[in-house]
Every structure is written in structure tokens, then in C-alpha cells.
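Peer 1: Build out the structure end to end from the sequences listed, making use of the hints.
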Amino acid sequence: MKKVFYILFSLILFSYSIIGQVNLKSGLVACYPFNSNAKDESGNGNDGTINGATLTTDRFGNARSAYNFNGSNQFIEVSANKFKNNNYSFSIWTNPDEIPFINNYSYPFSIGGPGGDQSLDFSNSAYNATGWTFGGYLIGDSRVPFCHQGYLPTVPAWFHIVGVRDNNTMYLYVNGQLVMSENTGGFMPSYGNNTKVTIGCRSSLVQFFKGKVDDIHIYNRPLNAAEVKALYNGNTPPIITITSNSAAPCGGDKITFTANGGSTTSTYLWKIDDVTQSSKSKALDYTSPKKTGDYQVKVAVEVTDGEPCFPQKPSKNEQTFIIKECISSDKILIPNAFSPNSDGINDTWEIYGIKNNADVIVEIYDRWGELIFYSKGYSTPWDGTYKNSPLSEGTYAYVVKSSNDLIFKGAILLVR
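Take the sequence shown: its letter number 251 is residue 251 in the numbering used here, and every next letter is one higher.
Think of the hints as simulated: they come from the structure by calculation, not from any bench.
Incorrect hints may appear among the rest.
Restraint-style ranges between C-beta atoms, simulated for each label pair [claimed, not checked]:
id	residue 1	residue 2	range
1	254	25	35 to 45 Å
2	167	21	14 to 24 Å
3	350	254	24 to 34 Å
4	23	322	16 to 26 Å
5	247	44	20 to 30 Å
6	247	393	23 to 33 Å
7	358	176	17 to 27 Å
8	353	62	46 to 56 Å
These numbers come from a predicted model, not from an experiment.
Where is the CB? At the ideal position from N, CA and C, for every residue including glycine.
Peer 2: So, in C-alpha cells, the structure goes:
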């Protein structure tokens, strides 16, 4: 019994691993991202011929990145030579302008001709199908098996529709979720005569679709549920973060900002304080200007995936970085003596070159190592007192620390 259980468990685990595999490039016959044209970006040369359809915005708001169809005579046609497969998958994004009249349907995608086709359509109770529908004729069987959503969705809105067919079953997915499956009895699909691929109407040039269509993927194999989900989630952009090679950069420093989270095919658009930068890579080298006082720079990046068959919405991030006014060792002057005797000359210990630097720290110690003065920013120079009482003449130790880790140590002589 243990041996039988182990074999059964192994088979279940193997089946689960196969179901969970995702390889969206395997079996890809054609893909149409509609980036200003109807070119097949899979590299297989199945380019479309446009018949009246017009470019429009896609679901991300990008101009000239989807096609609009008027519902009466506009469509895109593709040669069907590589599309007549027994097992296949159709994936489209579509946004209908309207619901078809009762007992009618419209076709955003179809492959076939007189006598048979395989299609995705939008149905309003036609032939007992409601909502998004996937169906196809059979060779050797008069049935036309189909899967349908079962209700009319609210439009206009973008929908991801996938039809999958294997040897025995048809599956319909809407927005990444399986909504119905139907048995084909093992009969092969029929594509009719004079087969053509049409986007925006049925292959017989009827039942025209009114609305937008984008990002079509055609496969010569059945996709699994994980792959359908991956196609649907392809519009989910990665999370981009911006990091700097310096935790506390100073004015005048060369800083490298890095965008994290993109892929090897991503392209980058950088902006500093809304000014576009020349770098197109994940790293941006920027020399910060020297200014009086600390200041902020706004760093923004837009990351776009460069693979046309699997586009993603551009990812954006914007972060603010603080640039410090840091002390330069060649510009700071620290006197080694002062005379706080109220004669108006050298009455305070002035340190030159750190004015307006809020992060500078000044510490003064007596001969026994007791801290007698502390200031951050040093807006008020030391006047030779401790707890409001004048100190005696003598030598005192000082430490001056800057925000860029410069440290100055020495002795100062207090003379009355």
C-alpha cells in the first residue's frame, strides 16, 4: 500500500509541476502588440493587413497602441497558413463599446471560412450563449461546442479573453479565471474553406465588432492555467526602487542613482527635478551642483519593458534625495587662539568655512577631557565660557566633525 501511495503521490506532484510551468514563448505562432501597426512581433512574419481599423489608446493609455473597429466594415486580415492547428490557444485584450442587440453577437477574433471556424465572440443570448464566448466547428460532428461567460458584463471596459483547445476539451478564461470548459468528443476542429484570420469581425466578414482590440497572442498548443494567468498579469508592472551609492552625498559629488526591479530588456527614462537626463540604462551618473546650505533633488525614473510580445505598463518611481553642503578641507580655517576679553577683537572663536552648515558638530574639552562646549551647526561661536562662567586662560582641545565625515582635531589657546 505504501508503494502504491508513493507512486500516486509522485504522479500527482508531476502533474502539478507540469500544470504550473510557464513558457509564454513556446508555441507562439503570432503576437500583435499593435505598436502603431499590425506587425507580427513574434518573428514568424504573420503580419496583418489593415482594412479601415484605426489606431487608438491601449489599456495603459498609450497612444497609437491598440486598434479601434467601427462595428460595420473595419477589420484586420492575416493569412491563415500557420494558424490551422488541432490544439491551439487564442489570447486577446478587448474593450467593447456596446453590447450586441438581443440574439446577436460580434466577433473580435476569428479563424476560418465558409463551413467552419474557431472564434472568440461577444454574445447577447445568441444560440444560448451570453457574454464572452469561445466556440468552434468540428470535423465529423454537427455539434458546435462552445463555452460562454453566462452573463453580460458591464461595458465599456477592458477584458482579457483566452480560448484554449486540446484534443478533448475547450476552455474559456476571462480576466485570468476559468469560466467554463466543454468536451469536444475528440473531434478535430474545422476551419472551413478559404480560411482566413480576421480581427474585428467573423472570418466570413460578418458580425463586425465595435470597440478596441489589443495584445493578441496565438499559440499552436493549449496553454495551461498558469500561463493564462501570466498573460493576464502581464499588465502588472514591477515595483521599481531608486537607490544612491552615497547615503549622504555632498554638493559637487558625482552620485550614481540605480533603478532596481527592471528586467534585462527594460529601458529607462530618468529625470532630475523634471529635467530629462541622457542616460537610458538602469544607472544614472549625476554631478550635484554646489549650493549654499543643504538642498533636495527629485529623482524620477520610468521603466518600460522592451519585449514587444509581452508589454507591461511602464513602472514609475520618484524619490527625493538630500544633498548636503559639506565642509571642504581646503576651505576651512580654524584659529588656534582667541581672546574673550570684551575688547571687541577676537572675543569669540570663529571657525571660517562652516557657516550655514547645519550638520557640523563642534566639541571643546578641557585638559581633563571634560566636554565644556558642544554645538551642532555652530551658529553661535564659543565665547570662552562654561555654564555661563568665564574660563581661565589655557589650552583647550577641539574636535570639528563635518557631515561628510571630515574630522578636525587640535588645540586652541584661550588668552584673557
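Peer 1: A separate judgement is required for each hint: does it hold in the structure or not?
Peer 2: Results of checking the hints against the structure:
1. 254 to 25: 35 to 45 Å: holds (40 Å)
2. 167 to 21: 14 to 24 Å: Between residue 167 and residue 21, where Cβ atoms are some 19 Å apart, the hint holds.
3. 350 to 254: 24 to 34 Å: With Cβ atoms ~32 Å apart, the hint holds.
4. 23 to 322: 16 to 26 Å: violated (45 Å)
5. 247 to 44: 20 to 30 Å: About 50 Å separates the Cβ atoms of residue 247 and residue 44, which means 20 to 30 Å is violated.
6. 247 to 393: 23 to 33 Å: violated (42 Å)
7. 358 to 176: 17 to 27 Å: Violated: the Cβ-Cβ distance is about 53 Å, outside 17 to 27 Å.
8. 353 to 62: 46 to 56 Å: For residue 62 against residue 353, whose Cβ atoms are near 52 Å apart, the range 46 to 56 Å holds.
Hint compliance for this structure: hints 4, 5, 6, 7 are broken, all remaining hints hold.
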